[in-house]
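So the protein lines, in turn, are chains S and Y.
43 is the number that this note's numbering gives to position 43 of the first sequence; each next residue is one higher, with no gaps.
145 is the number that this note's numbering gives to position 145 of the second sequence; each next residue is one higher, with no gaps.
Keep in mind that the hints were calculated from the coordinates and are not lab data.
Treat the hints with care, as some may be off.
As the list claims (entries may be wrong) - Quick list of simulated restraints, FRET-style, between CB atoms:
1. Y:S10 / S:S21: 56 to 64 angstroms
2. S:E398 / Y:R78: 52 to 60 angstroms
3. S:S21 / Y:P32: 38 to 46 angstroms
4. S:D359 / Y:A174: 24 to 32 angstroms
Claimed, not checked - Taking lysine-lysine and the PhoX-like style, the derived pairs with C-alpha atoms no more than 20 angstroms apart in a straight line are:
5. S:K462 / S:K418
6. S:K96 / Y:K34
7. Y:K2 / Y:K186
8. Y:K247 / S:K133
9. S:K244 / S:K79
10. S:K132 / Y:K45
11. Y:K366 / Y:K2
12. Y:K133 / S:K45
13. Y:K366 / S:K34
Ideal placement from N, C-alpha and C gives every residue a C-beta, glycine not left out.
Number of protein chains: 2
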Amino acid sequence: MKVSRQKWSSNFSEWFDRVLSEAEIYDYGRYPVKGVGVWMPYGFKIRQNIINLIRRLLDETGHEEVLFPLLVPEDLLRKESEHVKGFEREVFWVTKGGEEELELKLALRPTSEVAITFMESLWLKGYSQLPKKFYQIVSVFRYETKATRPMIRVRELTTFKEAHTVHMTYEEAAKQVEEAVQIYSKFFDTLGIPYLISRRPEWDKFAGAEYTIAFDTLMPDGRALQIGTAHHLGQHFTKAMDYKVTKADNTSDYPHQTSYGISDRVVATVIALHGDDHGPVLPPSIAPVLVVIIPIPAKDEQTQAKLLEFARQINSTLNSAGISSVLDGSDERTPGEKYYYWEMRGVPIRAEIGPRELDNDTVFLKRRDTLEGKSVKRDELVPAIRETLATIQKDLAERAWRDFKERVKRFEDIQGVKKYLSERGGIAEVPWCGSETCGLKVEEEVQARVLGSPLIPNGEGKCVICGRGAKNSLRVAKTY
Amino acid sequence: MKVSRQKWSSNFSEWFDRVLSEAEIYDYGRYPVKGVGVWMPYGFKIRQNIINLIRRLLDETGHEEVLFPLLVPEDLLRKESEHVKGFEREVFWVTKGGEEELELKLALRPTSEVAITFMESLWLKGYSQLPKKFYQIVSVFRYETKATRPMIRVRELTTFKEAHTVHMTYEEAAKQVEEAVQIYSKFFDTLGIPYLISRRPEWDKFAGAEYTIAFDTLMPDGRALQIGTAHHLGQHFTKAMDYKVTKADNTSDYPHQTSYGISDRVVATVIALHGDDHGPVLPPSIAPVLVVIIPIPAKDEQTQAKLLEFARQINSTLNSAGISSVLDGSDERTPGEKYYYWEMRGVPIRAEIGPRELDNDTVFLKRRDTLEGKSVKRDELVPAIRETLATIQKDLAERAWRDFKERVKRFEDIQGVKKYLSERGGIAEVPWCGSETCGLKVEEEVQARVLGSPLIPNGEGKCVICGRGAKNSLRVAKTY
Numbered sequence: 001m002k003v004s005r006q007k008w009s010s011n012f013s014e015w016f017d018r019v020l021s022e023a024e025i026y027d028y029g030r031y032p033v034k035g036v037g038v039w040m041p042y043g044f045k046i047r048q049n050i051i052n053l054i055r056r057l058l059d060e061t062g063h064e065e066v067l068f069p070l071l072v073p074e075d076l077l078r079k080e081s082e083h084v085k086g087f088e089r090e091v092f093w094v095t096k097g098g099e100e101e102l103e104l105k106l107a108l109r110p111t112s113e114v115a116i117t118f119m120e121s122l123w124l125k126g127y128s129q130l131p132k133k134f135y136q137i138v139s140v141f142r143y144e145t146k147a148t149r150p151m152i153r154v155r156e157l158t159t160f161k162e163a164h165t166v167h168m169t170y171e172e173a174a175k176q177v178e179e180a181v182q183i184y185s186k187f188f189d190t191l192g193i194p195y196l197i198s199r200r201p202e203w204d205k206f207a208g209a210e211y212t213i214a215f216d217t218l219m220p221d222g223r224a225l226q227i228g229t230a231h232h233l234g235q236h237f238t239k240a241m242d243y244k245v246t247k248a249d250n251t252s253d254y255p256h257q258t259s260y261g262i263s264d265r266v267v268a269t270v271i272a273l274h275g276d277d278h279g280p281v282l283p284p285s286i287a288p289v290l291v292v293i294i295p296i297p298a299k300d301e302q303t304q305a306k307l308l309e310f311a312r313q314i315n316s317t318l319n320s321a322g323i324s325s326v327l328d329g330s331d332e333r334t335p336g337e338k339y340y341y342w343e344m345r346g347v348p349i350r351a352e353i354g355p356r357e358l359d360n361d362t363v364f365l366k367r368r369d370t371l372e373g374k375s376v377k378r379d380e381l382v383p384a385i386r387e388t389l390a391t392i393q394k395d396l397a398e399r400a401w402r403d404f405k406e407r408v409k410r411f412e413d414i415q416g417v418k419k420y421l422s423e424r425g426g427i428a429e430v431p432w433c434g435s436e437t438c439g440l441k442v443e444e445e446v447q448a449r450v451l452g453s454p455l456i457p458n459g460e461g462k463c464v465i466c467g468r469g470a471k472n473s474l475r476v477a478k479t480y
Numbered sequence: 001m002k003v004s005r006q007k008w009s010s011n012f013s014e015w016f017d018r019v020l021s022e023a024e025i026y027d028y029g030r031y032p033v034k035g036v037g038v039w040m041p042y043g044f045k046i047r048q049n050i051i052n053l054i055r056r057l058l059d060e061t062g063h064e065e066v067l068f069p070l071l072v073p074e075d076l077l078r079k080e081s082e083h084v085k086g087f088e089r090e091v092f093w094v095t096k097g098g099e100e101e102l103e104l105k106l107a108l109r110p111t112s113e114v115a116i117t118f119m120e121s122l123w124l125k126g127y128s129q130l131p132k133k134f135y136q137i138v139s140v141f142r143y144e145t146k147a148t149r150p151m152i153r154v155r156e157l158t159t160f161k162e163a164h165t166v167h168m169t170y171e172e173a174a175k176q177v178e179e180a181v182q183i184y185s186k187f188f189d190t191l192g193i194p195y196l197i198s199r200r201p202e203w204d205k206f207a208g209a210e211y212t213i214a215f216d217t218l219m220p221d222g223r224a225l226q227i228g229t230a231h232h233l234g235q236h237f238t239k240a241m242d243y244k245v246t247k248a249d250n251t252s253d254y255p256h257q258t259s260y261g262i263s264d265r266v267v268a269t270v271i272a273l274h275g276d277d278h279g280p281v282l283p284p285s286i287a288p289v290l291v292v293i294i295p296i297p298a299k300d301e302q303t304q305a306k307l308l309e310f311a312r313q314i315n316s317t318l319n320s321a322g323i324s325s326v327l328d329g330s331d332e333r334t335p336g337e338k339y340y341y342w343e344m345r346g347v348p349i350r351a352e353i354g355p356r357e358l359d360n361d362t363v364f365l366k367r368r369d370t371l372e373g374k375s376v377k378r379d380e381l382v383p384a385i386r387e388t389l390a391t392i393q394k395d396l397a398e399r400a401w402r403d404f405k406e407r408v409k410r411f412e413d414i415q416g417v418k419k420y421l422s423e424r425g426g427i428a429e430v431p432w433c434g435s436e437t438c439g440l441k442v443e444e445e446v447q448a449r450v451l452g453s454p455l456i457p458n459g460e461g462k463c464v465i466c467g468r469g470a471k472n473s474l475r476v477a478k479t480y
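Put together the whole structure using the sequences plus the hints.
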């Protein structure tokens, strides 16, 4: 059997919806509130493994986990004017408690900069307490007016990991943004997710930021998806809230801040990018089940009993070795039905055990990603599985990066970009003079969105709009 | 130094507020929304360890974790009429998205019976899929009109673990309630929290339940606190939502349900019950730090350097042994200040290392609960600490149970109850005829609340109100 990625790429949207539902990951569109989903048990485990991964990376780098209230009073949200402008059209408001009208409207947090800055001003008063790095993993809410899509554009983002840091100087905060970029790079690498890191253009930075660095990937349909952002907030919020910190020389000043976030989109991307026509292929780094053991029925009962016992032993060998495995030994489904079921759940390795394996004291291993199989001696099973898992992990990332790189193309003229993005999608890079006018013109001409520019400027070529010498490249794509 | 519990018991409320703030557990009353708190890093870790404990117990017993939306549409919440009556005065309502009025008000979930039943009706259609046990750990919201108190009576309960199960018959659901009671018993036992298990009276059962079983403990001020409940929901919700399941004989029927929950109150109780005048004493089962190592400064620099190196080795020995420890080696605070700091954080064991310990190759261990110290040879340190932790764990539970049992008293007349509850607090048990009239009369007479009755009826004595023969005991207490 050969891997086919026909349906996966040619009708990604349908593929994705079907996988979420059939693999019992995320029930979307049936709960009677628009734009929210339900995490089902299998999906919850995938999500939890991804959360544990980012938690570990953040804990290792001195971030401290906290939990802030969901409700943000209107006056607090309005403290930073740029910020509220960026969000106010999308805020859900609580206006009633029981039968009473509330005196002050309460926002369901769209993000937590103001709430956290408010508490920081009570907690962190002296320079010796800085730098400080907090994070929380919570639901945030956006009253989206655009078309919603499961996990990708929702009204309740259930997996919003937001980090918030405080520093004495602009430079330290800038370094923190670099650390965030490193952490996210490591995180996406562990998930085998390819990305471009861009500095968002001035006209599309976070509301209330000095600048925004963003991670974008490409979905199978060729549209770019923002999967992580890191913002240098400067003194915007601390000034707006009149929050000062005492310095070593006993004077005081507004501290600098950063914030950076990822969301449910990471889960969507892991599922989407490694897929094929059989469903998703979960990277071993986060798969809830690494190996599914499927007994192939024997003709006589005695062999069948031995075979099941063999399968049980294999299962317990794997579990003792710390390899999460499941034995699917029920009689109610045929092996074929079981294959389908576990392929749809993206389990990296299938271990088949039939009469032949019983005779030869072997197990037949099948890789979910390549659909290739091989026979392994029982006493070599654990190392063989470990090696295969490592190979799958590596190969998934390599294939995803290869797909990705093929679709990031440089153009010297706007017509080429237009044609490219409307035909296949992808990300186009063009030379750019650096002016907002020309940047917006690019968006208008190609009917797509500017993602921004590389962090290390590339001054080659001439601006595709005005023809002046380029100051940097501009990346542009159709986006979600 | 002797353990004193004077301040702890005589002014518990002040003690509790001070501990939450000084130990940096939970910032309450400063965030500008009434009745909500902020989990600070140390408190977050305590909370997380408690969550991990209940997660493990639920996973082991076949519960599957899920995540449902926060928002419940008004018409869905109104499906079960008893239920909504019980909650509607306490519901926060979202009525606006951006500038738009929503067509249908959305409730911030006060609990999730209706939301979960709605999805179960889509997921679980045949008897072979039952029983099914879900749980989630989420924030729920109550627009409390009573005085709020940190963790104990809040408007955002951030640590609401709610389990929801579906069964084919009434009896199976009743058995599930028993399982829930067993799980919670184990959970509270691991936390050293004493409790009484009562069947709540008819007039105080969960809104929409057949019956409610509750766990109550006593706070140091003698008031009872409900810390867990399990409800047999019968077919109330499935009938209200017209949710039927196909049975083996191909007919169909409304399934039976249960739900059971615990909240932030568990964290409050762990902190409150094991405290003394120095602060809380965390049970080793959930303490984020088990051992704090404090070097006692030497007079000369050379000894000091050796001493610090010794302390570092001890720290790494403990960490290698899987014992979570912290070395507080900073020069900025005196040992006395450090003692105070870590006692206030309830760390079970303090390991002091000074010139004498260096000379003798020993470590001086001090128990947080008894404040007793002893010298331990370095090569016996790990087993000694393991043993001491186990002893502390056991002793904390025993002391808490002893305190608790002393305050649960049986009375044969209502005057005794009245006097007892108004003087010291505690729980009073009286003989009861079983009638609601007499039950409510007890509440009125003693100005306290009926907790309910033992699960195994105790028919001794005569009803304290009407004098008829008792059918069971009635438990009554001043409550939170």
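For each hint, the structure was consulted:
Range check, Y:S10 to S:S21: about 59 angstroms between beta-carbon atoms, so the 56 to 64 angstroms window is met. Range check, S:E398 to Y:R78: about 54 angstroms between beta-carbon atoms, so the 52 to 60 angstroms window is met. Distance hint check: the CB atoms of S:S21 and Y:P32 are about 42 angstroms apart, consistent with the given range 38 to 46 angstroms. The hinted window of 24 to 32 angstroms between S:D359 and Y:A174 is violated, with their beta carbons roughly 50 angstroms apart.
A hinted pair counts as satisfied when its Cα atoms are at most 20 angstroms apart, and S:K462 with S:K418 qualifies at roughly 17 angstroms. In summary, the hint linking S:K96 to Y:K34 is supported, as the alpha carbons are separated by about 14 angstroms, within the 20 angstroms threshold. Between the alpha carbons of Y:K2 and Y:K186 the distance comes to roughly 31 angstroms, so the proposed pair goes past 20 angstroms and is violated. A distance of roughly 55 angstroms separates the Cα atoms of Y:K247 and S:K133; the hinted pair therefore is violated under the 20 angstroms criterion.
Distance restraint check for S:K244 and S:K79: the Cα-Cα separation of roughly 15 angstroms lies within the 20 angstroms cut-off, and the hinted pair is therefore satisfied. Between S:K132 and Y:K45 the alpha-carbon distance is near 17 angstroms, which keeps this suggested pair within the 20 angstroms criterion. The suggested pairing of Y:K366 with Y:K2 holds, with an alpha-carbon distance near 12 angstroms, which does not exceed 20 angstroms. Proposed proximity of Y:K133 and S:K45 is supported: the alpha carbons are some 15 angstroms apart, at most 20 angstroms.
A threshold of 20 angstroms between alpha carbons decides the hint, and for Y:K366 with S:K34 the separation of about 57 angstroms lies outside it, so the pair is violated.
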